[in-house]
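Chains F and W, in that order, give the protein sequences. Sequential numbering of the first sequence, starting at 1, is according to this note's numbering. Sequential numbering of the second sequence, starting at 1, is according to this note's numbering.
The set of hints was computed from the structure by calculation and includes no laboratory data. Please note: incorrect hints may appear among the correct ones.
Claimed, not checked - Within a straight-line C-alpha distance of at most 30 Å, the following computed DSS-like cross-link-like pairs (lysine-lysine) qualify: (1) W:K34 <-> F:K9; (2) F:K52 <-> W:K167; (3) W:K167 <-> W:K220; (4) F:K77 <-> F:K52; (5) F:K9 <-> F:K68; (6) W:K209 <-> W:K198; (7) W:K209 <-> F:K77; (8) F:K52 <-> W:K209; (9) W:K220 <-> F:K52; (10) W:K34 <-> W:K96; (11) W:K188 <-> W:K34; (12) F:K9 <-> W:K198; (13) W:K209 <-> F:K68; (14) F:K68 <-> W:K220; (15) W:K188 <-> F:K9; (16) W:K209 <-> W:K34; (17) F:K9 <-> F:K77; (18) F:K68 <-> W:K96; (19) F:K68 <-> F:K52; (20) F:K52 <-> F:K9; (21) W:K209 <-> W:K220; (22) W:K220 <-> W:K34; (23) W:K198 <-> W:K188; (24) W:K188 <-> W:K167.
Claimed, not checked - FRET-style restraints, in silico, Cβ to Cβ: (25) F:E70 <-> W:V280: 46 to 56 Å; (26) F:R62 <-> W:T100: 33 to 43 Å; (27) W:D190 <-> F:P18: 51 to 61 Å.
Positions of the beta carbon are idealized from the N, C-alpha and C atoms, including for glycine.
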Amino acid sequence: MSTQAGILKVIHAVADIPNDPAPDESLFDSGTLDSFTLPDLVTGLEQEFNVKIPDADLVPERFDTVTKIEAYLNSRKN
Amino acid sequence: MSYLQAFGHYLPERIVTNPDLEQRTGRDASSIEKTSGILERRYAGEGETVADLAFAAANACLRNANLSPQDIGLILVSSGSSERTFPGPASVLARKLGLTATPAIDIPIASAGSLIGLAFAADLAPRYGNVLVVGSEIMSRRISDSDPDTSILFGDGAGAAIVSPEKGFLRIADTAIFTDGNYAEALKLDHNGAIQMKGLDVIIQASRKIPRAIEDLLTKNNLEPADVPVFLMHQANMNLIRKVATALQVPAERFFSNIARYGNTSSASLLIAASEWRAVNPAPLTTPIVLATFGAGFNWGSILLLPA
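When you get a sec, could you build the whole thing from the sequences and use the hints?
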């Protein structure tokens, strides 16, 4: 599974949305994520990609779009 | 060794409902309940001060402990909404209690303040004797209707506890307090301003740090969350309380909550919740209890209470 596909899988698990968000669509502005689903998204990403996301990295802007999430996860792998 | 001897609390009479706030802020009343779990909150009367609320809670606590003010060796008052920069409400509370030489120290920390006061009291009671810990807040004067995301959350009230070096119904077995100043701007109250809160930062950090603070403390004491039937947490938001319960894999029902009736009373909320919980559970206790808070600073922490 690609990184984007894995991210979309986690997003669908934590947010009740019918379609995939566009890669650069703001997940917060669209209402896909809010202050209470963001922690679930982060936990889901940790489990899906087997990474540990430190508290200091939990900046909402970093998780605002699928593209930004992908870039962040790639930076964690490097 | 230190013990919790009694709790007490005071809530102002004036009730402010979600429809009341809908009229003031334009925020839909049903959405307030959905996003926070809050149905109503109390606002202090026009002439009431933070020290007045603290005095009422302290008196209730002293009555529950069968103590007089002269039995107190140290006063710790936590408040994030004191009317002035200094002196804070601690010295005024001491005067109201008729104490003119007893040390009375302010802890000017908002939400996590009363837990930090309890943690300090646990260490200081063997030296000073009975410690009166009070959290008192009038946050209704520190909110702006132009920021309904924040203003709908807060209410006023005061809670108190007596920490004794000799006796009590629960032993303060262990404490853990933390600060991360990287988030000092995420939740703040400037001089003569209104509370400013970056809700996303607060919730995401709280939902990670609170469960960790609880789990680490329990692990250190050879316990697990499943061993704890009662959690008393800062009443910030019902959704946050549920999220912490989920993270700890315990039923949310184990978290006592009165947020629907009082909203977020900042540093007072933990002690108000503890006082109400104790009032309906007066029997001797045989199981662990965990306290936890999180708030501006960010400051957060947990306390493990065991049967005395």
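Going down the list of hints, with the structure as the test:
no.	hint	in the structure
1	W:K34 <-> F:K9	holds (26 Å)
2	F:K52 <-> W:K167	violated (44 Å)
3	W:K167 <-> W:K220	holds (24 Å)
4	F:K77 <-> F:K52	holds (11 Å)
5	F:K9 <-> F:K68	holds (16 Å)
6	W:K209 <-> W:K198	holds (16 Å)
7	W:K209 <-> F:K77	holds (24 Å)
8	F:K52 <-> W:K209	holds (14 Å)
9	W:K220 <-> F:K52	holds (22 Å)
10	W:K34 <-> W:K96	violated (40 Å)
11	W:K188 <-> W:K34	holds (24 Å)
12	F:K9 <-> W:K198	holds (28 Å)
13	W:K209 <-> F:K68	holds (24 Å)
14	F:K68 <-> W:K220	violated (38 Å)
15	W:K188 <-> F:K9	violated (36 Å)
16	W:K209 <-> W:K34	holds (24 Å)
17	F:K9 <-> F:K77	holds (19 Å)
18	F:K68 <-> W:K96	violated (56 Å)
19	F:K68 <-> F:K52	holds (17 Å)
20	F:K52 <-> F:K9	holds (18 Å)
21	W:K209 <-> W:K220	holds (16 Å)
22	W:K220 <-> W:K34	violated (36 Å)
23	W:K198 <-> W:K188	holds (9 Å)
24	W:K188 <-> W:K167	violated (38 Å)
25	F:E70 <-> W:V280: 46 to 56 Å	holds (50 Å)
26	F:R62 <-> W:T100: 33 to 43 Å	violated (54 Å)
27	W:D190 <-> F:P18: 51 to 61 Å	violated (43 Å)
Comparing the model with each earlier hint shows violations of hints 2, 10, 14, 15, 18, 22, 24, 26, 27; every other hint is respected.
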